[in-house]
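Engineer: Residues per chain, in single letters:
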Amino acid sequence: MSGATSLPVRLESLFGADHVLTAETQLSKYAIDGMPPRAVLRPASAEEVAEIVKVAAREELAMIPCGSGSKLGIGMPPQRYDIALDMRGLQEIAHYDADDLTLSVDSGKLLGGVQMALRAKRQFLPLAVPCMEICTIGGTVASGIDSSLRQQYGTGRDFLIGAEFVDGTGRLCRSGGRVVKNVTGYDIHKLLIGSLGTLAVITRLNFRTFPLPEAHAGHLATFSSLDAALHYHAKVSQSGLPLSNLELFDSEYAAMAGRLFDAVNQNVSPLLKSNSWVVYSSCADNAIVVRRIVGDLERIASSTNCANQAALQEPANEELQGLSQTAYQLLSTAAPCVALLRIVLPQLHASTIAEILRTAETPWLHSAFVVRACNVAYLALLAEKEDEPTIAVLSRSVSSIFSAVSVAAGSAAVLHAPAALKRTMNLWGPSRPDFALMQRVKAAFDPQNIFAPGRFVGGI
Amino acid sequence: MDAAIIRELKTLLGPANVLSQTEDLMLYEFDGSVEKGRPEVVVFPHTTEDVSRIVKLADRYEVPIVGRGAGTGLSGGALARGGGVMIVFARMNRILELDLENRRAVVQPGVVNLDITRAVEHAGLYFAPDPSSQKSSTIGGNVAENSGGPHTLAAGLTTNHVTALELVLPDGEVVRVGSRHGDVNGYDLCGLFVGSEGTVALITEITVKLSRKAELVKTLLAVFDTVLDASRTVAEITARGITPSACEMMDGWTLAVIEDYLKAGFPKDSAAILLIEVEGLREAAESQATAVAGICQTHHAREVRTARDDHERDLLWKGRKNAFGAMGRLAPSNYVLDGVIPRSKLPEALERIHEIGTKAGFRIGNIFHAGDGNLHPIILFDPRDAGQFKNAVTVAEDIIRMCVAMGGSLTGEHGIGMEKNELMPLLFTDADFDLMRRLHDAFNPNSSLNPGKMFPISKGCGEIRVNRKSPLARVTS
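Residue numbers (the working numbering), protein chains in the order written: chain A, 1 to 460; chain B, 1 to 477.
Calculated from the structure, these hints are not laboratory results.
Built from N, CA and C at the ideal position, the CB exists for glycine as well.
Mixed in with the good hints there might be a few duds.
Covered stretches of chain A, as calculated for chain B (at least 3 residues, CB under 8 Å) [unchecked claim]:
#, stretch
1, 186-197
2, 283-292
3, 430-437
Sample of chain A residues at the chain B side, in silico, Cβ under 10 Å [to be verified]:
#, residue
4, Ser68
5, Gly69
6, Arg119
7, Leu345
Please take these sequences and the hints and turn them into a complete structure.
Structural biologist: Structure, rendered in structure tokens:
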């Protein structure tokens, strides 16, 4: 059947013209690294997704599931891209038992909408991610994007309790369930987190939800040296205080934040513009507990070499929490040409961080660096223009950073970069010893290799 | 079994690490469940290299392999359903590394769960997953089954505390997945292997997270005159957004049995008690304890006691952790079920369990993790009475079916094993099994590892391709 008729025409005849977009202007909205799909399909149900995947598997059409597209740039440029599967037609909250703190929601539902529904019952999902108002919950999970509340609530794997998805054979499958404790069968839904749509099309996700805390507060401390800042950071870490955020800003990132708040007339804290290393902590609980934690932070800061410190009340703390939630957006748009790396460091040693930052010190680049929750750092390499020499410099810097991170037994990946850079290098860093196992997993889910081919680790 | 394989195993490991006499093998045909399966040879490796060699040998002779820790499992996961080689990890029991600064421990699979905590408690740390068997069960078994425990409510299951694994695949290949930090680029393979019940790989090294002891722990005991009041209390604690670190319920009948045995000071005339623990910073634990006590009183608790010190706390927990042992005084055997329901359905579920038991003529005790809806009905029976045993199994199935019908699940922490593999179709479709089977086959293509577990094998569930030569054929024939 794939003979003479063009793909868009065949898809229209199979799924109806109202489910298929083919105009060039529409296709360009779904382009990834400059490559548009040949058609966009807009399913309205999980069953329709399954039908579409069956056709794609039969015809070996490469398909990339999409939400709002806010994190669609993460990953290597696609090897092939026939169909963009716009999941925003799957919009239902299938089940929300507030008394049981469990939620089951279609993957195309916007995260902002989910949070609104939960807020009505004074609950929320601790997915504090960039573009929260406009991104879909499926895209959030598939992209594996960091939640800034990880310090307190863990990652999605700690509260995703089940999923429904269409595998590469076009069959609707499920894993887990809707209860908070469950060890029935393989934990397949965990594999979907951060898989960038390479394993399956997520159609529904089940979560445990959390009560909204009564009170929040924050604390800033500034330091004249990285050593002093890390010393304080370690002391806070070892204190066992339950924190929502524990972040370390370099002076550039702090200044960037300061300018951002100035631009919207938010006087958050002059400490952000003090040209020093900044440690930001925040906490959430009832008012008494929050007061106790901030008091402890003040004591710890005073006992170390802190230059300045300030307790933050609302709304200043809320502004900073918002900043840490949107760090990915802030950094990836901070200059005309940006390579944004996500770096996981098993230990925060001054020498490792200094080594990583040194690699960014070239006359053509400047950088901004922030250590977010649980030793996950973002480093943005910023350049004023996107030309060939700059791409070459970026490429060398990223390679040096990969090496420095490997030496420190950490891992790194490029989250955002110009297409020209993405085409020249492996964004996922050096290959891992378990890569062959990942390939086996991929082949089990997607035997025809139709889902987002080439975008993931090692070219999966 | 071919005598040659036993000879080769003895050469490989030394005769002291190989058991093949019937009277020895009989010791390994049981675990904590009501199932049975005798291995044909039992071996005790000391190193990962040993395990890899044993696996290669078994592969050459085409005999099945099953891994086993302490044999405390409750779903038959560590039983040799297809005979063959049983690899007992008891002698791979070293703690390889303690990284207190980064709160990680690297351990061999035969390390006993509680020994991890004992090794780090001087630094104010502990290993959070605490199955009732923690004094004897091994971390390898905990990882295979994704074990839980009373403190799962706040701390999560074993999977939430494992960051890296060393595995031996069925062809003998040794691979490492995950990382010490826990965050890797790529698929979450650790998440797949933890809880895979020994069906895809053998685990030879585990990196676990260590948790920090809370500043204050408050343990409350609330006594109720009706089960309904107790279960409504749990529902309200949940609905109010309070997450205790543990929230356990015991019904009055079970409690009386425990009290006769332990003399821990439990009331013998109550209908149910709740054992609730809250922890955190001093101010947080105190305000939560006050809130919990208030909710208990709203629901007519006859009495709310708070443990005054560690001794009192230990005594309260001793009753809970030794409950199943206490049951041994009443009947020759007991069958501990494991099902999960949405927490808001607790009152209804307990009533239904009582009805199911009464109808079949069994007295069913309930002692369970109420806070996360993880039920553990206990059926007392005499295994010498074949009819009674058969009825007990039917009642068990009825209760698990009820859990699923309420929107729950087949198991919260014991695993599927060979206890519930035939019930899996209650939750999963052919498409689900097909994917699970493809994942299984991606690592264990000949079903040589732990055959006959997790997947349904009865006729009618025809998704399983049985190669007559494969170890699985031993199970199905």
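Engineer: I'd like to know which numbered hints this structure contradicts. Please list them from smallest to largest.
Structural biologist: 4, 5, 6
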